[in-house]
Amino acid sequence: AQKITQTQPGMFVQEKEAVTLDCTYDTSDQSYGLFWYKQPSSGEMIFLIYQGSYDEQNATEGRYSLNFQKARKSANLVISASQLGDSAMYFCAMREGGGGFKTIFGAGTRLFVKA
Amino acid sequence: GAGVSQSPSNKVTEKGKDVELRCDPISGHTALYWYRQRLGQGLEFLIYFQGNSAPDKSGLPSDRFSAERTGESVSTLTIQRTQQEDSAVYLCASSSWGGGIYNEQFFGPGTRLTVL
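Going down the list, the protein sequences come from chains X and U. Convert by adding 335 to the 1-based position in the first sequence; the result is the number in this note's numbering. Convert by adding 1076 to the 1-based position in the second sequence; the result is the number in this note's numbering.
None of these hints come from the bench; they were simulated from the model. Among these hints, one or two may not hold up.
To be verified - Some but not every residue of chain X turned toward chain U, in silico, with C-beta under 10 Å:
#	residue
1	P375
2	G387
3	R445
As the list claims (entries may be wrong) - Simulated restraints, written as ranges between beta carbons of each label pair:
#	chain 1	residue 1	chain 2	residue 2	range
4	X	G378	U	L1192	18 to 24 Å
5	U	E1144	X	G378	21 to 27 Å
6	X	Q349	U	L1192	40 to 46 Å
7	U	S1103	X	Q343	37 to 43 Å
8	U	S1142	X	A450	27 to 33 Å
9	X	Q349	U	T1190	35 to 41 Å
10	U	R1098	X	I381	31 to 37 Å
11	U	P1084	X	S415	38 to 44 Å
12	U	P1084	X	Y389	40 to 46 Å
13	X	Q343	U	T1190	25 to 31 Å
None of these values were measured; they are calculated from a predicted model. In this text, a Cβ means the ideal position worked out from N, Cα and C, and glycines have one as well.
Okay, chain U solo, but in the shape it has when bound:
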């Protein structure tokens, strides 16, 4: 079956512009995660959605960052008034539910964001 897909694969924008990143999870996966990975660094947790529960937004770095998810489908991560420090690869992952702590996350290929 299809894996996690993300679009666009690359995005170059000017400082101050808004950007919207999209994630299509694996069909049937109720959990969806967004991470940020700066060049040469590890993954920073941004936000987590699980079904209809309130999302865990504890990783969002500022109020310029927001994310939405409709049901158990597509999610969009929006960054308003982009800054150069927002340049990074944004990774999305999805997982099924019911396996307890062990629910393997399947990652998308990422969106490389460059803010000029």
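The following block holds chain X by itself, in its conformation from the complex:
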């Protein structure tokens, strides 16, 4: 069964520094996709970045990059040059390729950016 684990309930980072949010996953599928979403206090879900299981390069989107270590089944999100507006909940999610497109989410990590 697919499973997503985010072990950091809360993280603090100083403004302008980089921070890594951890995500590990479990799946028996060879084909899957990993997603990161941001949820500010307003409650909206904002898509940040995607990594496919067959992608050889780590995904990057602006200040976001995904440190994908397939053998270790980890997909950590790295936010560079943190900004105060980055303070939010961050969710890691996975979708398996076989048998439909059900997506499961981790419990989330709340990031606090300090001025």
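Following the hints, position chain U against chain X.
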């Protein structure tokens, strides 16, 4: 274009009553998802619709929960005989098809359900 819309935005009901939540996906999106998010927690998958295929209902927590979708349009999530543990934000998302595993889900603003 318009995003995913959900109604009502807030719903307060009494224990034992039935509630119906509505989701309008982005036009042309064939896939539609319902999630539940309890306070301070992650998203729980409830149900997934894709076109005319049989929905994936594997996340529905009990037979009090049901959902319908007509074609590729509006979906309704119905909770019968509501219980206090049903209190949560119910999020709907839609996505297009054809991009394989990568089909970005666009989320609605959610319906906050409070069961007294």
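Exercise. Broken hints, numbered, in rising order?
Worked result: 1, 8 and 10
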